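Produce the complete structure using the sequences and hints provided.
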Amino acid sequence: MTASRKSMGLHLGVLVVLAALFFILPPYHTGNMARIMVLAIYAMGYNFLFGYTGLLSLGHALFFAAGMYGFGMTVTQLGLPVPVAFAFGILAAAVVSLVIGLLALRTSGVAFMIVTLMFAQAGYLTILYFGEYTRGDEGFVIKQAQRTVAGIDLTSEAGRYGAAFILFAICFLLLARLVQSPFGRTLIAIRENEERTRMLGYDATRLKLQAIVVSGAVSGMGGATYALLFGYVGATFATVQYSIFPLLWVLLGGAGTTVGPLIGVLFMFYLIDISSSYTDAYMLIAGVVLVLLTMFAPQGLAGELRKRVMPWLP
Amino acid sequence: MSNGKTNKSTINRRSALIGMGASVGAMAASGSFGFASAQSVAPIKIGFQKHATGIGAAYGRWYDTTTQAATKRINDMGGINGRPVELVIEDDGTDPKRGAEVVEKFATQHNCDVAFGTLFSHVVFGSAPRAGELKLPYFVVSEGHHVASGKLNRYTLQPGITDVKSQVQSMAPFVGDTLGKKVTMIYPDFAFGHDHRDFFSDAIEAQGGEVVAKIAIPPTETTFTRYFPSIPRETEVVYHVMVGPAVLTFVKELGEFFGPSRPEIFGFIDSLEAVDINSPGLEFLEGTYFWEGNPRHAQADQTSHDKAFRAAVGVDDRGASLADSKDVSTYAHMFGCWETLNIIKRGMEAADYQGPADRSRLIEAVEAMTDMPASDDHPQGPKRFNGKTHQTFGQQYISQVKDGKLVCVHTASIEDGLYEDEVDYTTQSF
Numbered sequence: 001m002t003a004s005r006k007s008m009g010l011h012l013g014v015l016v017v018l019a020a021l022f023f024i025l026p027p028y029h030t031g032n033m034a035r036i037m038v039l040a041i042y043a044m045g046y047n048f049l050f051g052y053t054g055l056l057s058l059g060h061a062l063f064f065a066a067g068m069y070g071f072g073m074t075v076t077q078l079g080l081p082v083p084v085a086f087a088f089g090i091l092a093a094a095v096v097s098l099v100i101g102l103l104a105l106r107t108s109g110v111a112f113m114i115v116t117l118m119f120a121q122a123g124y125l126t127i128l129y130f131g132e133y134t135r136g137d138e139g140f141v142i143k144q145a146q147r148t149v150a151g152i153d154l155t156s157e158a159g160r161y162g163a164a165f166i167l168f169a170i171c172f173l174l175l176a177r178l179v180q181s182p183f184g185r186t187l188i189a190i191r192e193n194e195e196r197t198r199m200l201g202y203d204a205t206r207l208k209l210q211a212i213v214v215s216g217a218v219s220g221m222g223g224a225t226y227a228l229l230f231g232y233v234g235a236t237f238a239t240v241q242y243s244i245f246p247l248l249w250v251l252l253g254g255a256g257t258t259v260g261p262l263i264g265v266l267f268m269f270y271l272i273d274i275s276s277s278y279t280d281a282y283m284l285i286a287g288v289v290l291v292l293l294t295m296f297a298p299q300g301l302a303g304e305l306r307k308r309v310m311p312w313l314p
Numbered sequence: 315m316s317n318g319k320t321n322k323s324t325i326n327r328r329s330a331l332i333g334m335g336a337s338v339g340a341m342a343a344s345g346s347f348g349f350a351s352a353q354s355v356a357p358i359k360i361g362f363q364k365h366a367t368g369i370g371a372a373y374g375r376w377y378d379t380t381t382q383a384a385t386k387r388i389n390d391m392g393g394i395n396g397r398p399v400e401l402v403i404e405d406d407g408t409d410p411k412r413g414a415e416v417v418e419k420f421a422t423q424h425n426c427d428v429a430f431g432t433l434f435s436h437v438v439f440g441s442a443p444r445a446g447e448l449k450l451p452y453f454v455v456s457e458g459h460h461v462a463s464g465k466l467n468r469y470t471l472q473p474g475i476t477d478v479k480s481q482v483q484s485m486a487p488f489v490g491d492t493l494g495k496k497v498t499m500i501y502p503d504f505a506f507g508h509d510h511r512d513f514f515s516d517a518i519e520a521q522g523g524e525v526v527a528k529i530a531i532p533p534t535e536t537t538f539t540r541y542f543p544s545i546p547r548e549t550e551v552v553y554h555v556m557v558g559p560a561v562l563t564f565v566k567e568l569g570e571f572f573g574p575s576r577p578e579i580f581g582f583i584d585s586l587e588a589v590d591i592n593s594p595g596l597e598f599l600e601g602t603y604f605w606e607g608n609p610r611h612a613q614a615d616q617t618s619h620d621k622a623f624r625a626a627v628g629v630d631d632r633g634a635s636l637a638d639s640k641d642v643s644t645y646a647h648m649f650g651c652w653e654t655l656n657i658i659k660r661g662m663e664a665a666d667y668q669g670p671a672d673r674s675r676l677i678e679a680v681e682a683m684t685d686m687p688a689s690d691d692h693p694q695g696p697k698r699f700n701g702k703t704h705q706t707f708g709q710q711y712i713s714q715v716k717d718g719k720l721v722c723v724h725t726a727s728i729e730d731g732l733y734e735d736e737v738d739y740t741t742q743s744f
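Here the protein sequences come in this chain order: A and B. Note that this note's numbering gives residue 78 to position 78 of the first sequence, counting from 1, and the numbers run on in steps of one. Convert by adding 314 to the 1-based position in the second sequence; the result is the number in this note's numbering.
What you were told as hints is all true, and nothing was included just to trick you.
Chain B regions said to be covered by chain A (calculated; three or more residues, Cβ under 8 Å): (1) 400 to 409; (2) 438 to 450; (3) 457 to 466; (4) 497 to 506; (5) 529 to 535.
Reference excerpt, derived from the structure (chain B facing chain A, CB under 10 Å, subset only): (6) R412; (7) E418; (8) T422.
These are calculated hints, taken from the structure and not from any lab test. Only a predicted model underlies this, so the values are computations on that prediction, with no experimental measurement involved. Here a beta-carbon is modelled for each residue, glycine too, at the ideal position from N, C-alpha and C.
Below, the structure is given as structure tokens:
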């Protein structure tokens, strides 16, 4: 079997398992899986930039929040239909990431991290500043009636799971396809050796900007999806903490692997959920696990799988 | 009492029978059949959404202490409808995303009958939609205006603590009549501060006063001196509602700026909850005024209800832990947990609550409540619940710092805090 067939089989298999879980798991865990798939969209967006392009951003919460507010404010304050508002959310994140990318790409390495962090912090403060419209730190609720698409109530368990699954599947398959395309391979080349890529005639800056826009748009889609399915929009999602989360998820799951973000979110979610049942110091447990994983599986869970048994893993 | 923890054990039938027999024998011998035996004695499960970590941890710890004490009292009195009350505690990290997850956990994993106890508004906002969708009664102790504003849903109620709009509105007559008509407001530049700005501006104007300057402080600020020159000379009262770790710096710098000749100072005790009023650097507060949801320091006319409440929760006359006098409580807010649990009990009894199928009847029973006189169930004072807006109204207290003690100088009536209904949740279907 060729690597691409194996890859296709793996991705379809993951989707079949995720679809089947809705019918197998008890209600609490199906609710969790819906949330995990939404957060995995965000993680996949982050992974596209960090894992495949080699750009470590500390400001992705801004893109997540841009999608969230782009959707939430247009659906509640302008009364736009959900699909239009959802598209607007993604567009808002894409535009914000384009502007940030144009500025941040004038730097590299640690400076890139700091610049993205600062822009995200500025974005967070902007949300607070325009509290009259955004409701600042408190945020706002999207009513149940505003979360229906084509007669499907997305606040029902089945509606929510189905929507999370479909949107996750679209991102999962499209990104898997993209990273194996010439564009994706060029990004990997930039990650591995940017100077050599430039010498080969590629416009690395333009390609990195495109990667930032794709990454920002997918992250924004994650934010819009969270608002749509869980009915809340708030400035907390623009804080630095929510820029760190996708980095942790991707590092845990395996940077530069298509399944890594899903694995990382799943692992981290249940690590916190279970450990918090035993102790208030659950973040300490999470920290220790992260250190251990960094020591013994530096490429993340999926990364180790690729290294040891699945070299074809995209 | 459960902490959301699961214990693995290996029990065979023989040991189980022996254990059960011994337990029944022991209970019969002690005559301690506290709960009705003719009906189910399965516990009523109350999911307590606790701010154990994150920015709300100081509040969360005292909300926990109060909740545990109230639960013990309810169980000592025979539980609810003859059934014991069991707390299921989950940390929400003072985070709206985790808050929503915790509400889901209460509803679908722990099978809690109700959820309860949230303080921070953004966590309430993040969690309430899921409570509504899961049809889980969600009793918040937040003092935010979110419930009464109509932004949430029929499953979310705030019957045990007043909201910020009511609190601020009821302060205006005292501020305008006693302290001065020209007010400068200093507030954090986010939703909590904006609520104060907007509600107080309207309220003081209604008293014939005016806000002569509104100074918004960015939430990332750590030093404040540069803002104080913006306070107009004509200011008669400085109204401050700063919160967060930099608040001690704020008070200290405000004192250094004004020196001995200062305008009247009025603040919300939220700034100094869990902080000893006699902490070094706070000397400047002597003679200033504070809103208190419940007077931290026992007053000369202390009620027997307040005395019983302090004893049950384990705080002394200065609002500090009996075990550690340096451990100051969040006394102005935590009574809300106590009172809310008693309201849940009363609502469940009125609805003859048996299980989750009766949740809508529980909500209707609470919505039917109106006046609640001061009692051991309501130690902060009398309340008037508005079933349409799901919000309670109550007395507010203004204290002055005198010789390092918070002395109550004014009690605002329930009527001072009433305002027009902004929603009628009873028209929403279950």
